[in-house]
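> From just these sequences and the hints, can you work out the full model?
Chains as they are written, first to last, in this note's numbering: chain A, 17 to 392; chain B, 176 to 417; chain C, 304 to 635.
Treat the hints with caution; some may be incorrect.
Claimed, not checked - Ranges of calculated distance between the beta carbons of each label pair, as one might list FRET restraints:
id, chain 1, residue 1, chain 2, residue 2, range
1, B, Asp330, C, Leu616, 52 to 60 Å
2, B, Glu404, C, Arg606, 48 to 56 Å
3, A, Ser20, B, Glu404, 31 to 39 Å
4, C, Gln605, A, His24, 17 to 25 Å
5, C, Arg606, B, Gly334, 44 to 52 Å
6, A, Phe329, C, Tyr568, 49 to 57 Å
7, C, Leu620, A, Ser20, 20 to 28 Å
8, A, Phe329, C, Gln605, 37 to 45 Å
Said to hold, decoys possible - With a Cα cut of at most 25 Å, we get these calculated DSS-like pairs of lysine-lysine:
id, chain 1, residue 1, chain 2, residue 2
9, A, Lys274, A, Lys41
10, B, Lys286, A, Lys284
11, B, Lys311, B, Lys378
12, C, Lys436, C, Lys341
13, A, Lys274, B, Lys286
14, B, Lys413, B, Lys382
15, A, Lys284, A, Lys41
16, A, Lys284, A, Lys274
17, A, Lys284, A, Lys39
18, A, Lys39, B, Lys286
19, A, Lys67, C, Lys561
20, B, Lys378, B, Lys413
21, A, Lys274, A, Lys39
22, B, Lys286, A, Lys41
23, B, Lys382, B, Lys311
As the list claims (entries may be wrong) - A few chain C residues that face chain B, going by a derived Cβ cut-off under 10 Å, partial list only:
id, residue
24, Ser344
25, Glu345
26, Gln347
27, Leu348
28, Glu351
29, Arg352
30, Thr354
31, His424
32, Arg428
33, Gly429
34, Tyr432
35, Arg606
36, Thr610
I should point out that these hints are in silico values taken from the structure, not numbers from a laboratory. Every residue gets a Cβ at the ideal spot worked out from N, C-alpha and C, and that includes glycine.
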Amino acid sequence: MNRSLERHRNIIDFALSSLLRRKGKNISLLMVYTLIVFLVAAIMFFTHALKREASLILQDAPDMVVQRMVAGRHDPIPINYGKRIAAIRGVSAVRPRVWGYYYEPVVGANYTMMTSDSQAQGTVTIGSGVARTLRLTDGDLMTFRNYNGVPTLFQVQKIMPYESELVAADLVVTAESDLRELFNFPRGHATDLAVTVGNPRELTTVAAKIVLLLPDTRPILRSEILRTYDSIFDWRGGMMIVMLSIAVLSFVIFAWDKATGLSAEERKEIGILKSLGWETTDVLLLKFWEGTVISLSAFLVGVILAYGHVFFFSASLFEHALKGWAILYPQFKLVPVVDGGQLAILFFLTVVPYAVATIIPSWRAATLDPDAAMRS
Amino acid sequence: MIELAHVTKSFNAGRSNQFTAVSDVSLAIRPGRVTVLKGPSGSGKTTLLTLIGCMARPTSGRIVLRGLRPACLATGNETGDVEITSLPERFLTGIRRTTFGFIFQHFNLVKGISVLENVMLPAYPIGVNHRVFRNKALGLLELFNISRHASAPIDWLSGGEMQRVAIARSLINDPHVIIADEPTAHLDTRLSREFMEIIGSFKGEGKTILIASHDPIVFESPLADAVVEMRDGGITGKTDEP
Amino acid sequence: MILHPAILALLSTSLLTSFMVLYAGWYGARIIRTWDIKSGSELQLSLERRTYLISTLVSYTLVFQLLSLFLFIYTADNLHTLFSGAMCAAGTLNVNRYGYPLLVMKIINFLLAGLWLIINHADTRGYDYPLIKVKYALLLAIAPLVLVELFFQISYFAGLEPDVITSCCGSLFSIDKPGIGGDLASLPSKPMVAAFYAGMAATLASGLYFYFKGKGGYLFSSMSCLAFSIAAASLISFICLYFYELPSHHCPFCILQKEYGYAGYALYATLLGGGVAGMGTGALMPWRNRGSMAHIIPHLQQRLTATTIFLYLLFTLIVVYRIVFSSFRISG
Numbered sequence: 017m018n019r020s021l022e023r024h025r026n027i028i029d030f031a032l033s034s035l036l037r038r039k040g041k042n043i044s045l046l047m048v049y050t051l052i053v054f055l056v057a058a059i060m061f062f063t064h065a066l067k068r069e070a071s072l073i074l075q076d077a078p079d080m081v082v083q084r085m086v087a088g089r090h091d092p093i094p095i096n097y098g099k100r101i102a103a104i105r106g107v108s109a110v111r112p113r114v115w116g117y118y119y120e121p122v123v124g125a126n127y128t129m130m131t132s133d134s135q136a137q138g139t140v141t142i143g144s145g146v147a148r149t150l151r152l153t154d155g156d157l158m159t160f161r162n163y164n165g166v167p168t169l170f171q172v173q174k175i176m177p178y179e180s181e182l183v184a185a186d187l188v189v190t191a192e193s194d195l196r197e198l199f200n201f202p203r204g205h206a207t208d209l210a211v212t213v214g215n216p217r218e219l220t221t222v223a224a225k226i227v228l229l230l231p232d233t234r235p236i237l238r239s240e241i242l243r244t245y246d247s248i249f250d251w252r253g254g255m256m257i258v259m260l261s262i263a264v265l266s267f268v269i270f271a272w273d274k275a276t277g278l279s280a281e282e283r284k285e286i287g288i289l290k291s292l293g294w295e296t297t298d299v300l301l302l303k304f305w306e307g308t309v310i311s312l313s314a315f316l317v318g319v320i321l322a323y324g325h326v327f328f329f330s331a332s333l334f335e336h337a338l339k340g341w342a343i344l345y346p347q348f349k350l351v352p353v354v355d356g357g358q359l360a361i362l363f364f365l366t367v368v369p370y371a372v373a374t375i376i377p378s379w380r381a382a383t384l385d386p387d388a389a390m391r392s
Numbered sequence: 176m177i178e179l180a181h182v183t184k185s186f187n188a189g190r191s192n193q194f195t196a197v198s199d200v201s202l203a204i205r206p207g208r209v210t211v212l213k214g215p216s217g218s219g220k221t222t223l224l225t226l227i228g229c230m231a232r233p234t235s236g237r238i239v240l241r242g243l244r245p246a247c248l249a250t251g252n253e254t255g256d257v258e259i260t261s262l263p264e265r266f267l268t269g270i271r272r273t274t275f276g277f278i279f280q281h282f283n284l285v286k287g288i289s290v291l292e293n294v295m296l297p298a299y300p301i302g303v304n305h306r307v308f309r310n311k312a313l314g315l316l317e318l319f320n321i322s323r324h325a326s327a328p329i330d331w332l333s334g335g336e337m338q339r340v341a342i343a344r345s346l347i348n349d350p351h352v353i354i355a356d357e358p359t360a361h362l363d364t365r366l367s368r369e370f371m372e373i374i375g376s377f378k379g380e381g382k383t384i385l386i387a388s389h390d391p392i393v394f395e396s397p398l399a400d401a402v403v404e405m406r407d408g409g410i411t412g413k414t415d416e417p
Numbered sequence: 304m305i306l307h308p309a310i311l312a313l314l315s316t317s318l319l320t321s322f323m324v325l326y327a328g329w330y331g332a333r334i335i336r337t338w339d340i341k342s343g344s345e346l347q348l349s350l351e352r353r354t355y356l357i358s359t360l361v362s363y364t365l366v367f368q369l370l371s372l373f374l375f376i377y378t379a380d381n382l383h384t385l386f387s388g389a390m391c392a393a394g395t396l397n398v399n400r401y402g403y404p405l406l407v408m409k410i411i412n413f414l415l416a417g418l419w420l421i422i423n424h425a426d427t428r429g430y431d432y433p434l435i436k437v438k439y440a441l442l443l444a445i446a447p448l449v450l451v452e453l454f455f456q457i458s459y460f461a462g463l464e465p466d467v468i469t470s471c472c473g474s475l476f477s478i479d480k481p482g483i484g485g486d487l488a489s490l491p492s493k494p495m496v497a498a499f500y501a502g503m504a505a506t507l508a509s510g511l512y513f514y515f516k517g518k519g520g521y522l523f524s525s526m527s528c529l530a531f532s533i534a535a536a537s538l539i540s541f542i543c544l545y546f547y548e549l550p551s552h553h554c555p556f557c558i559l560q561k562e563y564g565y566a567g568y569a570l571y572a573t574l575l576g577g578g579v580a581g582m583g584t585g586a587l588m589p590w591r592n593r594g595s596m597a598h599i600i601p602h603l604q605q606r607l608t609a610t611t612i613f614l615y616l617l618f619t620l621i622v623v624y625r626i627v628f629s630s631f632r633i634s635g
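Set out below in structure tokens:
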């Protein structure tokens with residue numbers, strides 16, 4: 017065991033000195049490798065963090081939301097539907113929700129308007145994105161035009177903190193009566209009903225019962241929303257990785273080329289080693305450790321750079337492709353979340369292709385005839 | 176004792192550029208003596224050295240090393256005779272590492288690393304403790320009066336000094352047999368004679384020495400116990416001192 | 304097909320592995336036909352050089368197989384949110400009929416690759432490569448299995464459409480469900496516990512006997528394989544229950560999750576490792592006393608036996624630790 021360790025240690029020693037002796041070639045390889053790891057890692061971290069944010073946010077969403085459909089489109093739902101739903105066995109609570117969208121033509125932005133019982137009449141609480149776009153502070157006045165085009169003034173009571181950007185950038189919270197007046201919301205109706213079910217396993221059963229009871233409604237489960245979000249993020253992330261696969265392929269060819277293209281100097285060196293008593297296995301090990309040192313360095317640096325890019329610079333390089341387009345762009349710092357699984361996937365997408373690409377060139381190098389060294 | 180029986184080595188067998196470097200050579204190399212292979216370039220001396228030194232396998236014929244007991248083989252053959260002809264590379268290398276020390280015609284030192292590292296190279300894959308063989312290497316450098324160059328890169332040394340590094344390197348694993356291919360080719364007369372003196376001291380230690388050379392300083396030296404003449408891959412003459 | 308990065312990673316790795324094994328198999332076939340150790344011809348020399356490449360390829364394959372096995376289960380677990388009814392990997396695997404066969408193939412290929420490497424290790428220590436033809440015949444047998452795994456993998460992932468309704472482990476591994484999952488879960492626990500400890504003890508005993516006396520290699524190997532199967536079944540039957548502290552949760556995949564301290568990885572790694580070493584010991588038995596192997600194989604087998612004993616003990620230790628410190632108790 018000891019001998020084996022010593023042997024590895026000696027060979028690693030020589031591998032390091034060998035790498036340093038050919039700085040030019042190895043540095044260019046290292047840079048390209050790091051770039052590839054960086055790109056793939058950044059996409060993966062970003063997608064993963066967004067998915068996680070979405071699922072965290074949705075944790076507070078109601079288990080099920082029931083909407084009313086008229087001619088295939090979403091319509092305000094009568095509140096007494098809620099009473100009938102509450103009577104279904106398994107339903108623990110039903111809460112009517114009044115909310116909507118308001119289009120502000122001055123800045124071309126869509127606000128999400130929600131209501132809260134704690135909001136005083138005539139006041140609003142706004143999200144930081146809204147505040148930023150309209151340059152508002154506490155106490156300022158905001159104008160909204162109601163359904164008739166008549167302007168109504170609201171006072172900004174509070175601006176939501178920066179940390180809530182992702183959920184609340186475009187949010188405007190008013191009192192329920194204010195919202196109803198603004199939109200001339202039909203009395204006795206709500207936008208949708210938030211339904212809580214006692215046993216989560218019963219959700220599908222309850223949803224089925226609701227549809228049976230009220231055929232013009234559409235229940236939407238939180239798990240379905242989550243699944244949709246996940247699919248979209250996966251799809252977008254996957255698309256980018258597929259596009260990156262061309263880059264990975266080029267990198268693999270580049271690495272293979274570097275590994276195959278042994279200079280006369282390197283060839284001579286291996287010939288000398290073999291003539292001195294290094295077996296093919298020893299030279300293979302040498303090449304393996306050289307590759308490992310390069311892989312580990314590239315992986316480490318690439319991951320750190322990607323981490324910094326995604327979590328400190330908010331992935332400025334490709335956020336547009338992944339987040340979608342909007343006027344009220346949430347500026348947010350993602351919560352850093354990287355787990356072993358992510359790193360494993362990254363390993364398989366970057367290090368494994370490199371390792372496989374270098375197997376045959378390493379073997380060709382290792383099986384060079386020592387005979388040649390005697391003659392040169 | 177190293178015995179060769181009808182050893183032939185061909186390259187590119189069966190193709191139009193087939194070349195036979197060594198042809199039907201039978202030879203016995205006695206232990207503890209200096210044997211010189213004499214002949215012009217192209218006579219097959221170098222190839223024969225690679226075959227004897229376990230660096231290559233003959234195309235046909237047998238080579239037996241007698242009186243060796245290489246631990247790596249574990250054949251259970253207690254007479255200590257090893258036929259190396261059909262051994263796979265791993266075992267050939269194992270024998271070579273511990274039995275033979277090579278001094279090459281062009282020194283074959285690795286550029287870009289220090290003198291000390293060059294001397295230590297053959298011991299790396301064996302798995303001996305690093306410090307142990309480092310000290311040994313330093314001792315050898317001391318022996319040949321070049322320890323002041325220990326950390327100098329190889330490129331800075333003169334021809335004679337490089338020769339001595341090559342010799343030191345060949346000794347790092349305590350071999351029984353020293354093989355030298357045209358060792359005096361790049362040396363002047365004084366250094367050549369010095370080299371033969373070093374060979375003399377090896378002989379005094381009981382090592383077997385095999386030199387290929389067309390330099391008279393080597394094959395006419397009183398130290399040479401047997402001189403084997405070669406031409407075109409075959410042996411044309413042998414002088415043996417009992 | 305879901306474009307999840309993990310799926311892309313698994314597919315690309317599988318393709319690479321298949322390519323490596325096919326390449327190795329192709330040259331393996333050549334070697335079987337034309338190998339002659341006594342010849343010094345250039346063909347023989349180039350074949351010998353090629354064996355190094357093949358060993359390297361299979362070594363890499365083994366490592367990738369093991370890592371991708373765990374990545375596969377991790378991915379299956381992560382994707383469960385996309386399928387209604389799935390709560391963990393068990394559900395994801397059940398989405399189409401290739402999921403479980405794929406898992407089984409991955410395990411088989413890992414074991415076979417490990418076995419090959421053990422035989423290869425013995426063979427290269429012999430100065431006349433005595434096991435070379437056996438070795439490459441085995442490789443030729445492994446190659447189609449790797450292709451089957453690739454086929455299953457592509458079929459499985461291609462058939463993964465989100466929103467397909469599947470079952471969760473609760474119904475797959477529940478006692479009253481027909482099918483192998485249910486059968487394993489419904490094995491009566493007291494006899495299973497007894498069988499588990501008996502299997503481990505028998506392996507330990509036969510292993511120690513073989514280690515010190517050098518006799519009973521086949522017995523030890525069979526015991527270790529038997530213990531492997533019993534332990535695997537036990538995981539589903541009763542061991543998991545102590546981790547989940549629920550009498551009805553028999554799923555073998557949930558123990559890989561963070562909530563349970565990733566204990567699953569330790570359990571599966573030790574069990575698989577011990578299983579491979581035990582199988583390897585048995586596979587080497589026929590050549591134990593032949594020629595150059597007489598000095599090599601017995602020593603190697605000792606090391607393998609020690610490895611199996613150590614890993615199985617570790618497995619048992621983890622299980623016993625959990626059983627003792629869990630607040631769950633099986634009754635009846």
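> For each hint, tell me whether it holds in the structure or not.
Structure-based check of each hint:
{"no.": "1", "hint": "B:Asp330 with C:Leu616: 52 to 60 Å", "verdict": "holds, 57 Å"}
{"no.": "2", "hint": "B:Glu404 with C:Arg606: 48 to 56 Å", "verdict": "holds, 53 Å"}
{"no.": "3", "hint": "A:Ser20 with B:Glu404: 31 to 39 Å", "verdict": "violated, 47 Å"}
{"no.": "4", "hint": "C:Gln605 with A:His24: 17 to 25 Å", "verdict": "holds, 23 Å"}
{"no.": "5", "hint": "C:Arg606 with B:Gly334: 44 to 52 Å", "verdict": "holds, 50 Å"}
{"no.": "6", "hint": "A:Phe329 with C:Tyr568: 49 to 57 Å", "verdict": "violated, 34 Å"}
{"no.": "7", "hint": "C:Leu620 with A:Ser20: 20 to 28 Å", "verdict": "holds, 27 Å"}
{"no.": "8", "hint": "A:Phe329 with C:Gln605: 37 to 45 Å", "verdict": "violated, 57 Å"}
{"no.": "9", "hint": "A:Lys274 with A:Lys41", "verdict": "holds, 8 Å"}
{"no.": "10", "hint": "B:Lys286 with A:Lys284", "verdict": "holds, 10 Å"}
{"no.": "11", "hint": "B:Lys311 with B:Lys378", "verdict": "holds, 21 Å"}
{"no.": "12", "hint": "C:Lys436 with C:Lys341", "verdict": "holds, 15 Å"}
{"no.": "13", "hint": "A:Lys274 with B:Lys286", "verdict": "holds, 21 Å"}
{"no.": "14", "hint": "B:Lys413 with B:Lys382", "verdict": "holds, 21 Å"}
{"no.": "15", "hint": "A:Lys284 with A:Lys41", "verdict": "holds, 17 Å"}
{"no.": "16", "hint": "A:Lys284 with A:Lys274", "verdict": "holds, 17 Å"}
{"no.": "17", "hint": "A:Lys284 with A:Lys39", "verdict": "holds, 18 Å"}
{"no.": "18", "hint": "A:Lys39 with B:Lys286", "verdict": "holds, 15 Å"}
{"no.": "19", "hint": "A:Lys67 with C:Lys561", "verdict": "holds, 18 Å"}
{"no.": "20", "hint": "B:Lys378 with B:Lys413", "verdict": "holds, 20 Å"}
{"no.": "21", "hint": "A:Lys274 with A:Lys39", "verdict": "holds, 13 Å"}
{"no.": "22", "hint": "B:Lys286 with A:Lys41", "verdict": "holds, 17 Å"}
{"no.": "23", "hint": "B:Lys382 with B:Lys311", "verdict": "holds, 19 Å"}
{"no.": "24", "hint": "Ser344", "verdict": "holds, 6 Å"}
{"no.": "25", "hint": "Glu345", "verdict": "holds, 6 Å"}
{"no.": "26", "hint": "Gln347", "verdict": "holds, 9 Å"}
{"no.": "27", "hint": "Leu348", "verdict": "holds, 7 Å"}
{"no.": "28", "hint": "Glu351", "verdict": "holds, 6 Å"}
{"no.": "29", "hint": "Arg352", "verdict": "holds, 8 Å"}
{"no.": "30", "hint": "Thr354", "verdict": "holds, 9 Å"}
{"no.": "31", "hint": "His424", "verdict": "violated, 12 Å"}
{"no.": "32", "hint": "Arg428", "verdict": "holds, 8 Å"}
{"no.": "33", "hint": "Gly429", "verdict": "holds, 9 Å"}
{"no.": "34", "hint": "Tyr432", "verdict": "holds, 6 Å"}
{"no.": "35", "hint": "Arg606", "verdict": "violated, 16 Å"}
{"no.": "36", "hint": "Thr610", "verdict": "violated, 21 Å"}
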